[in-house]
Amino acid sequence: MKLSLSREELLTPLQRVIGAVEKRQTMPVLSHVLVSLQNGTLSLTATDLEIELRDAVEGVMGDDSETTLPARKLLDICKSLPDGAEITLSVSGNKATVKAGRSRFNLTTLSASEFPRTDTLQDPVSFSLPQRGLRSALQKTAFSMALQDVRYYLNGLLLELAPGNLRAVTTDGHRLSLSEYPVDIAVDAQHQAIVPRKGVQELLRLLADDDGDVSVAMTANHVQFSLGNLQYTSKLIDGRFPDYQRVMPADNPRVATIDRETLRQALTRVAILANEKYKGVRLQFGEDVLTVQTHNPEQEEAEDTIAIGFSGDAIEIGFNVGYVLDVLQAIECDTVLFKLSDGNSSCLVTAADDNNHRYVVMPMRL
Amino acid sequence: MTRKIIHIDMDAFYASVEQRDNPALRGKPVVVGGQPGKRGVVAAASYEARTFGLRSAMPTATAVRLCPDAVFVRPRFDHYRAVSSQIRAVFQHYTDLIEPLSLDEAYLDVTETVGQGTASELAKRIREHIFEDTSLTASAGVSYNKFLAKVASDINKPNGQCVIPPERAERFIAQLPVGKFHGVGRATEARLHALGIETGADLARWGEAALERQLGKHGRWLHRIARGVDERPVEPHHERRSIGSETTFLSDEHNREAMITSLQDQAEEVASSLQKHNLLAGTLAIKVRYPDFSSVTRQCPLSPPTDQHKAVLPLLPLLLERTEAMQLGVRLLGVSVSALIDADTALPAQLPLPLNNTA
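So the protein lines, in turn, are chains A and B.
Here our numbering is used: the first residue of the first sequence is 29, the next is one more, and so on.
Here our numbering is used: the first residue of the second sequence is 949, the next is one more, and so on.
Next comes chain A alone, as it looks inside the complex:
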């Protein structure tokens, strides 16, 4: 193999795929990036066997060939070279030489045939949507994915495809987040995929906040996202996500209308004196007023009162303050609605003017 390209042409795709390279690997080849040149297109592939990231640069001079190179070392080398440096890469035997100006690096290669690759997806369900839409759906829900829960199917994000709708749902068993995005999808039935936690976080890193398209292809075992030359494939969690519709309170009659930022600030203040372990705060909804109160084992107390829209009998309910703040952070709107039933039942939080994002938070018995 022998090829040449500019520092930026190599650095950009390398930075985009490096997220798949784990710091500690089970197989040596997983610390490497697969470098493959075909018809003037150089593609770089990295994998941890759960996710695979591939990016490509076109118009690279050289013969068709492939090899693998130590990914982080190659990245560090590219980063350290001066802007605009012209890099040549040549491989002979199990050694690769990277040259730029008067710098020269000899790297160990591993055979490209050892590199594990994902097969082409068979008969996937495909659709596309603006990156901004997918990014928003993920961003608004990713925070409530479970972490290393024995219910392994909660350690990820449910991506649900229904006619006209893409839905992201996450739950850690205490709270649930749901976000919908309208898409023009020609599917007749509902498709579900649970994307693992790491896959979701990596995807969020790659998606831009713009109208550029992202194509999605889903099979029973894999989901693939294509962003221009970048192709991101993730294995799916093999399990059944709980029936989230069942925990969506259909009819919580008591509605409080609250300024999001005012509530966020009040909770942040009061949280300072909450029990460090349980983070419990008491919310007392009264006639157009909300009192937030907490105390800790040292018997220190905090209380804050804000004006809200609420009428009828008072309701008192306890929450993990972190859960409420997470929702207020994610929801992005001026006014939020808290839909309540009683102090022991779940609370539904939505934006006042938008029902596409819905959050269910279970109370805490204080």
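No lab work stands behind these hints: they were computed from the structure.
Every value quoted in this text rests on a predicted model; they were computed, and no experiment measured them.
Certain hints may be false.
Claimed, not checked - Just a sample of chain A residues kept apart from chain B, beta carbon distances all over 12 Å, derived:
1. 189
2. 255
3. 302
4. 372
Unchecked claim - Mimicking SDA-like on lysine to any residue, the simulated pairs with C-alpha atoms at most 25 Å apart in a straight line are:
5. B:1258 x A:277
6. A:305 x B:1271
7. B:1258 x A:367
8. A:307 x B:1271
9. A:226 x B:1251
10. A:263 x B:1271
11. A:367 x B:1303
Ideal placement from N, C-alpha and C gives every residue a C-beta, glycine not left out.
Dock chain B against chain A, hints included.
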């Protein structure tokens, strides 16, 4: 003030109860536990059976080999519990400071009861009282702490007692094999032997720091009791650390459904035990013993802490999947809960979403 502690240990309790209730068994080697030809272990062996080398916790098959004439009796735990509470009633005549260790063993703190009398006389009186009420014999150890009282009760067994007064403690501990020390099991014993530590005298010769380096916190404890220092009080309400259940299968089990059914039944048993004791569990664990006798446990948190078997049912298959039960088969399955808290101490509890995760 020097305490006076009695450790009472019933002699071959389950087996003696059976011999008492069935005269045909008297004078014969009796084994309470699993039936011959099936899986199981010896729960108790009569003294006649012990002369053949039979011991509790020994696999039934080994017991049959050592003593082909042994009479095997199914355990009647409810009955033993009833007899045990009769015995406990006897203790209550003499002190309120009773710490039961199991159905057939308890520590009594009789410091107040004895006054100027001797604990040795009192121990004798208690053993006679037990025999009057139950026709069963007990052995007793008398000393100034729990460790020595327990070791002492073993010395003149059966139907005997032994006193270790403070002035004789040092000499007694010096000759005591390390295997008899509190908290020393077979593994620790082997490690101590490897270090050339055979007796209490050897333990005392090793410095506290050196023992701690070898054995951690446990080393420090051994050094303390080797000097006769054990200040653990007799605690009438022995706090439970865990509640569990185990089932040995008749033959190696390979069927997933059967395993899960067994775990679910045990979880129900454990949950009702939690409810009975008014406790909530914060951790769930399963134990799997493979056909080669090696065992693994897998655990997960219960959030919020619960006493409901419904809350743990969906977790059982998930924990089982983390073992090699399906590949290797199992000979024993167990369910236990720990991180127990009093259901009445109203700690803040995050309520769970009613997720339909049994699917």
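Going down the list of hints, with the structure as the test:
For residue 189 of chain A, the condition that its CB be more than 12 Å from all CB atoms of chain B holds, with the nearest at approximately 20 Å. Listed as a non-interface residue, residue 255 of chain A keeps its Cβ farther than 12 Å from every Cβ of chain B; the least gap is roughly 33 Å. Distance check for residue 302 of chain A against chain B: the nearest CB is about 10 Å away, which does not clear 12 Å, and the non-interface claim fails. With a minimum CB-CB distance of about 7 Å to chain B, residue 372 of chain A fails to clear the 12 Å threshold, and the non-interface call is violated.
With a C-alpha separation of about 22 Å, the suggested pair residue 1258 of chain B and residue 277 of chain A falls inside the 25 Å cut-off, and the hint holds. For the given pair, residue 305 of chain A sits about 32 Å from residue 1271 of chain B by alpha-carbon distance, which is inconsistent with the 25 Å threshold. Between the alpha carbons of residue 1258 of chain B and residue 367 of chain A the distance comes to roughly 28 Å, so the proposed pair goes past 25 Å and is violated. A threshold of 25 Å between alpha carbons decides the hint, and for residue 307 of chain A with residue 1271 of chain B the separation of about 35 Å lies outside it, so the pair is violated.
Taking the CA atoms of residue 226 of chain A and residue 1251 of chain B, the gap is near 24 Å; set against the 25 Å cutoff, the hint holds. In summary, the hint linking residue 263 of chain A to residue 1271 of chain B is supported, as the alpha carbons are separated by about 23 Å, within the 25 Å threshold. For the given pair, residue 367 of chain A sits about 20 Å from residue 1303 of chain B by alpha-carbon distance, which is consistent with the 25 Å threshold.
In terms of the numbered hints stated before, the structure departs from hints 3, 4, 6, 7, 8, listed from lowest to highest.
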